[in-house]
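Asker: Residue numbers (our numbering), protein chains in the order written: chain A, 65 to 727; chain B, 41 to 501.
It should be emphasised that the hints constitute simulated quantities derived from the structure, not laboratory data. None of these values were measured; they are calculated from a predicted model. Every residue, glycine too, gets a C-beta built ideally from N, C-alpha and C. Any given hint could be a false lead.
Unchecked claim - Chain A is nowhere near these chain B residues, computed Cβ spacing over 12 Å in every case:
| # | residue |
| --- | --- |
| 1 | Lys-352 |
| 2 | Thr-455 |
| 3 | Leu-466 |
| 4 | Gly-488 |
| 5 | Phe-495 |
Stated by the list, open to error - Residues on chain A that point at chain B, a partial pick, calculated with CB under 10 Å:
| # | residue |
| --- | --- |
| 6 | Pro-184 |
| 7 | Ile-230 |
| 8 | Gly-231 |
| 9 | Gly-234 |
| 10 | Leu-238 |
| 11 | Asn-242 |
| 12 | Ile-258 |
| 13 | Ile-261 |
| 14 | Val-264 |
| 15 | Thr-266 |
| 16 | Leu-452 |
| 17 | Asp-572 |
| 18 | Thr-575 |
| 19 | Lys-579 |
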Amino acid sequence: MKKNFDPQKNYEASKEKVGYVSRKEATQDTYDKLGFMSGLEVHQQLKTAKKLFCHCPAGVFNKNDVFDAEVIRHMRPTLSELGEYDRTALMEFKTKKTIVYRLKNATTCTYEVDDTPPFPIDREALNIAIEISLLSKLNIVGEVHITRKQYLDGSIPTGFQRTAIIGVEGVIPLRHKNIRLIQLSIEEDSCREISDIGHVRTYKTDRLGMPLIETVTYPEMMNPDEVKEACQYIRFLNRSTGKVRTGMGAGREDVNVSCKGGTRLERKGVAHTRLIPELTHNECFRQWALLQIRENLNNHINAGEWKIEHKTLNFFDYGFTYAPIAEAKDKSDAGGSKYKIVAVNLPGFKGILSHFTQPGQCFANEIADRLKVIACIEKPNMLTSEDLAACESPEVFEKLIKVFNANPDSDAQIIFWAPKDDVSTAIDVIEERCKMAFEGVPPETRKYLLDGTTIFERVLPGADRMYPDTDSAPIPLDDEDLKRIGKDLPEEVFNRTAQMLKWNIPEDTYTYIHKNNLYPLLATIITDLKYDSKYMGCFFGHRLKYTEGHYTCPQTFDPNRIYDMFAYLNKQKLDKGIADKMLPFLFEHPQMDFESILTSLRFKKATKAEIESSVSFFKNKYKAIGRDTTAKAETDWIMGELKNMALGNISMAELSNIIKSSK
Amino acid sequence: MANDLFQGYKGRALEVLQKYNTRVWGQAEIETTRGKFNGTVLPRACNDDDRHIVIKIPTGYNIGIDIDTITDMKEVGFHKANYKIPEKEFPVTPGLPHVKLIGTGGTIASRLDYRTGAVIPAFSPGELYGAVPELADICNLETEKIFAVFSENMGPTQYVALAKAIGKEIERGVDGIVIGHGTDTMHHTGAALTFMVQNPPVPIVLVGSQRSSDRPSSDAALNLMHAMTAAGHGDIAEVMVCMFGPTSDEYGLLHKGTRVRKMHSSYRSTFRTIGDTPLAMVTRKGVTPIKEKYNPRRKDRNVKIMPYFSDKVAMLYYYTGMKPDILDAMVDAGYKGIIIVGTGLGHVNKELYPAIERAHAKGVHMFMTLQTIWGYVQMFVYDTGRDMMAKGIIPCGNMLPEVAYIKLGWVLGQTDDPEEVKRMMLTPINDEITEREPYNGYIVLQGGVPEVDEFLQKVHK
């Protein structure tokens, strides 16, 4: 027996072998070697008054513990239209979850809890989806067919999401390339999860049924930054209509990542675009590491013959000291949930359990995650003979090797503890995940964590979970409909960007302007009121952004007030310089009229002549008190004294000229 | 044959498919003025228009293509889907009760029907076991489909056939009978079987689902498990309806076939016992009686099958301003029995009196039931009530209107002697008229009232 197998060292060595580098160190070469490929599914809530298939209000939200009633359901897999069971469906069925829905009467009717069939689709939502499809250059369908997409995690009480394709095969332009779109669909949003503990998962139904669109790209992004750029373009495109919701959770992305030889993996609900690069980077390396593991295993084990062994242990025979095991033992004694402790021997897995997968995580985490999700065993749920930080004494595992008559040089062991009823599922889960290691990368949906790593969420669903919605009739989309909707399309984001470049507006303002769909307003001020484009771009991209971050608006700030402000300054023939001072005021008191704002700022109207006369007064004064006799010092001092008087009346450049030219 | 190749397509859409030699289930590449589309051509529901072709695109979604936009189409492959619930042989477990499942149609198990775009019933022990394997832990199951009709198409012919089939099964010695049934008229069948199958020694349980079994959240599987438990293990040997108690997946209720009614078009917990409490609660663990008195399971096989029904019976739902010619027309059409569904305590307007007198003179049997659903007919309180009784209308106590209709049909199938008809109608066979309405027999809570909302927060409705 190799006495000094060090899991930590093994982890580091495998990390090096995988070739992991941080994102900062990575180059296009790094990603080309891995065969990085990524696609996006961008979800965007639409700004409608009502939900998609019923008449409940959209966008009204409840706190977790505020509810009027609870409904309990269980989900059961059913056949798809093509007569297949979906693999996710079968996994979810294995988990045997009880789903609890918390309802609030104000936001939920009998449709959401699946006790009333759908009402006709919300036309407002459908029209917005068509508008965005046209902007995305998609081929619009002739007839919209509502389809049911199975979700057995309970996030939708019917067990399926009603969804429909609006267009296929579109394209969006990025800076250096075009990305093709597979499709755009309209769908109802799902419930928000409150908790998921053991066999009970609780949801609230306020968000359920709100209209949402999903834009799906081909996997054509070749590095993490391209993924982010594509994501932003789609979000900006959606927002350019002014008809979509903004704010927390209104836009979410699922990111698909694969590497050479890997499988497509989907990352669920990334709410922040800025997290995308780090996530895709780590995910690609995780897959690369799993392929490395596959190679290691297949080199010395025949996958077809491989199987695990397991034994139920007696809590008292091993002198366990690890606190969670002791707790499980207590529960077992109490007889309540009847915990069992089970050891599993994995032949040939030495060095695999502690193999690098993600920063700070190894292959053992892949198993532990699945134990939590599929077998419903709360973490910590297992120990291994290769834990990076050992929790039990080595003697425990030495004893296990004897019990299993295992090979100390090549085998690895897992100990897990679980309620009696979950043990057999748990053993299946461990065996299943280990067998998948011989295949490489299992198709999964993974949840992102803020540190840039991911954990298992569910098996990746396929096309087998689709079923026509027999409760809804198809909706024809005539050329007339498309013409009418296509008439008022906003200018494309790509063209907007080009125009801002032409206007000499600095690039660091674009994200803020697109994100808040300020371009139409910006363009109007520039063309109608003839304000300098660069100045206006900065006013929005810097001034407004700063103000938003540092001041509080009592309601949602209506940026059209900014147009009103400049129109006012224009009409009053005031210098635009005072707008910087006015903005925070306006932001905090959006109802206040501009005259009152100026009064609050102690603004007094002054003619150029009045200012000029003040200049000569201060010149004389400086002569009396000034120590530094250089012209610059004199100008600076006078500028300081007269700034407030001049602001809004003349520009600072003009003031400086007056000072310089005055005797 | 042509129909087989182009399932459901007609008119111009069919012409387009034929023109481009593309079949249903063919993989098509379609060029249109709106761009290119790829996918498998699907059958079309026969009631949809002839202007669109439906395809399933590679991501699994269905879309329709406007035929007027099509400029070219090519079939590049062919793959027919085989929609079939996986069949597994239903295992036989010694010691478990033998339950017979009789299929009549309905959504207890169903599959997609492309003709209508709706779901049609599917049914065999193997299919059921494939869909609900838990059933094998409850009983040994045999099934027989005696007809496949939707609930609304169930009628006297089916009641008679069902009653006879049940008689045969009881004689054969089964431990319980479950009848899969569409929910719309389940309470009609419940009443009919109560009258036609008298003194049964085993439970006879009607079951259905409010959400078809092609939906993951369907109530079908749980209802079926509850029904099998009630039929195989329960002690109540009556004709019962077994459906969800609350809308939550918690427990089922067993209702008497004569006192139950469907009270919501789509809720899971739509069946309610009216004017009384249900017979029992049922979970997968067993049956918990609510009513103390019921007909218990027996070892003998002394059932009495009385499969009679006259179809010369009708119902008249009274509305204000009703003209007497309606009633005249029914009499002239040859109806021999009429159940009037009156307002309040059992009233119709004075304008109808001559028509009522005429009907009575022609020997038509008329009985009064209530639109209020709950409560007793009481025709002594007002003069109008007394007038009507004098003109030959007989009050039916708290018999539900649908039950009264079924019962009158059953009675007139046996006799038309007025005194005998009246006696049989007013002599309850199984609580279709009860002597008393318990205080908790009428509970329709009103949301918004503070104590009710407090209750709903704690209890799953």
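Asker: Confirm or reject each hint.
Answerer: Now the hints, each set against the structure:
Even its closest Cβ contact with chain A, about 36 Å, leaves Lys-352/B beyond 12 Å, as expected for a residue assigned away from the interface. At the 12 Å boundary, the C-beta of Thr-455/B stays outside the reach of chain A, the nearest C-beta of that chain being 44 Å off. Distance check on Leu-466/B: its Cβ is at least 38 Å (rounded) from any Cβ of chain A, clearing the 12 Å threshold; non-interface status holds. Taking the minimum C-beta to C-beta distance to chain A, about 9 Å, the non-interface status of Gly-488/B is violated against the 12 Å cut.
For Phe-495/B, the non-interface assignment is contradicted: its Cβ lies about 10 Å from the closest Cβ of chain A, within the 12 Å cut-off. Violation of the interface hint for Pro-184/A is found here, the shortest Cβ-Cβ separation to chain B being roughly 16 Å, above the 10 Å cut-off. Of the supplied interface hints, the one on Ile-230/A holds, with its beta-carbon coming within about 9 Å of a beta-carbon of chain B, less than 10 Å. Because the beta carbon of Gly-231/A sits about 8 Å from the nearest beta carbon in chain B, less than 10 Å, this interface hint is met.
For the restraint placing Gly-234/A at the interface with chain B, the shortest Cβ-Cβ distance is roughly 9 Å, inside the 10 Å limit, so the hint holds. Taken as an interface hint, Leu-238/A does not check out: its beta carbon lies about 21 Å from the nearest beta carbon of chain B, beyond 10 Å. The beta carbon of Asn-242/A is not positioned within 10 Å of any beta carbon in chain B (closest approach about 16 Å), and the interface hint is therefore violated. With 10 Å as the threshold, the beta carbon of Ile-258/A stays out of range of chain B, its nearest partner Cβ sitting at about 16 Å, so the hint is violated.
Below 10 Å, beta-carbon pairs count as interface contacts, and Ile-261/A has none with chain B, the closest being about 19 Å; its hint is therefore violated. For Val-264/A, the interface hint is violated, the least distance from its beta-carbon to any beta-carbon of chain B being 13 Å, above 10 Å. Taking 10 Å as the C-beta cut-off, the interface hint given for Thr-266/A is violated, the closest approach to chain B being about 13 Å. Restraint check, Leu-452/A versus chain B: the minimum CB separation of about 40 Å is more than 10 Å; hint violated.
The beta carbon of Asp-572/A comes no nearer than 37 Å to any beta carbon in chain B, farther than 10 Å, and the hint placing it at the interface is violated. A least Cβ separation of about 31 Å between Thr-575/A and chain B goes past the 10 Å threshold, and the interface hint is therefore violated. Taking 10 Å as the C-beta contact cut-off toward chain B, the hint placing Lys-579/A at the interface is violated, the least distance being around 29 Å.
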